[in-house]
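Residue numbers (this note's numbering), protein chains in the order written: chain A, 3 to 100; chain B, 15 to 165.
Just so you know, not all the hints are guaranteed correct.
[What the hints assert, rightly or not] Ranges between beta-carbon positions, derived for each pair:
| hint | chain 1 | residue 1 | chain 2 | residue 2 | range |
| --- | --- | --- | --- | --- | --- |
| 1 | B | Ser96 | A | His4 | 24 to 34 Å |
| 2 | B | Val18 | A | Asn94 | 23 to 33 Å |
| 3 | B | Tyr79 | A | Pro73 | 36 to 46 Å |
| 4 | B | Glu121 | A | Asp78 | 50 to 60 Å |
| 5 | B | Leu27 | A | Leu93 | 50 to 60 Å |
| 6 | B | Arg59 | A | Ser82 | 19 to 29 Å |
Since the hints were derived computationally from the structure, they do not count as laboratory data. None of these values were measured; they are calculated from a predicted model. C-beta atoms are modelled at their ideal positions from N, C-alpha and C, and glycine is treated no differently.
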Amino acid sequence: MHDARELESYIRRKFAEHVGLSEAELFSEDLTLAALISRSPKMTNSVDLMEAFARTSNGLRKDYGLRVRLPALSLDTPVSKVLDVFLHEVLNPERKSA
Amino acid sequence: MSAVHFEETSLTLRVRPNDLDSLGHVNNATALEYLEAGRWGWLERHGLSRGGMVVAVVSRVEVDYRREIPPGDVVVRTVLESPAADELDEDGLNYRARFRQHVFLGEGGPLAVEAVVSVAFLDAASRSLASLQQFLVAARGGAVASRESSS
Numbered sequence: 003m004h005d006a007r008e009l010e011s012y013i014r015r016k017f018a019e020h021v022g023l024s025e026a027e028l029f030s031e032d033l034t035l036a037a038l039i040s041r042s043p044k045m046t047n048s049v050d051l052m053e054a055f056a057r058t059s060n061g062l063r064k065d066y067g068l069r070v071r072l073p074a075l076s077l078d079t080p081v082s083k084v085l086d087v088f089l090h091e092v093l094n095p096e097r098k099s100a
Numbered sequence: 015m016s017a018v019h020f021e022e023t024s025l026t027l028r029v030r031p032n033d034l035d036s037l038g039h040v041n042n043a044t045a046l047e048y049l050e051a052g053r054w055g056w057l058e059r060h061g062l063s064r065g066g067m068v069v070a071v072v073s074r075v076e077v078d079y080r081r082e083i084p085p086g087d088v089v090v091r092t093v094l095e096s097p098a099a100d101e102l103d104e105d106g107l108n109y110r111a112r113f114r115q116h117v118f119l120g121e122g123g124p125l126a127v128e129a130v131v132s133v134a135f136l137d138a139a140s141r142s143l144a145s146l147q148q149f150l151v152a153a154r155g156g157a158v159a160s161r162e163s164s165s
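Start from the sequences, fold in the hints, and give me the full structure.
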């Protein structure tokens, strides 16, 4: 069983890294996904956003052996909701795999 | 986990008379066609066929025109830049492939065009986003005609 705080910290760090924004900018302002795409120096459209989700998911699989089903979320979703969805996935035993 | 490796490919094309504009050099939009031909050549070189239920669509093009292209041969070099070899495996998940492409004036000639092309993947039936891994499975299976289109 992985520590929830450790996983949350990992997800925050990796997602910020793939988006190209600081964790502070990303989470303290609780940006929507649309705002995130607009501010990110690495993103142009929602395909880039999904790639950032996917890379975070790939990291969880490689580093923790956890699989995450990527969320289908609208662009007005705040990033805190995305974090909640990821955490739910990794902490739900039914979602885990080797 | 199985890693996937793709090599850089090279495709030689002959400039057609109708590729030229009133200045006698290749029109800028035609250079994009050369780049697309280079990507199809890349797929063919790696045994990935057109068709299947997942199609590639261009989601972004960044292009620098370095010099004019006169009549003659051009060489299009195409490499998958992202995901990098250590980021791509068949058990993973990627939604975007990014190609770096160069068009040279003949083999060993000077650089004429440099581009970075991002490609996404769509399920042809549902028109929803698909992954690069799903595309690879479909493209290895081969099938009927498909196309690469702008989105």
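Hints versus structure:
no.: 1; hint: Ser96(B) <-> His4(A): 24 to 34 Å; in the structure: holds, 28 Å
no.: 2; hint: Val18(B) <-> Asn94(A): 23 to 33 Å; in the structure: holds, 29 Å
no.: 3; hint: Tyr79(B) <-> Pro73(A): 36 to 46 Å; in the structure: holds, 40 Å
no.: 4; hint: Glu121(B) <-> Asp78(A): 50 to 60 Å; in the structure: holds, 51 Å
no.: 5; hint: Leu27(B) <-> Leu93(A): 50 to 60 Å; in the structure: holds, 53 Å
no.: 6; hint: Arg59(B) <-> Ser82(A): 19 to 29 Å; in the structure: violated, 45 Å
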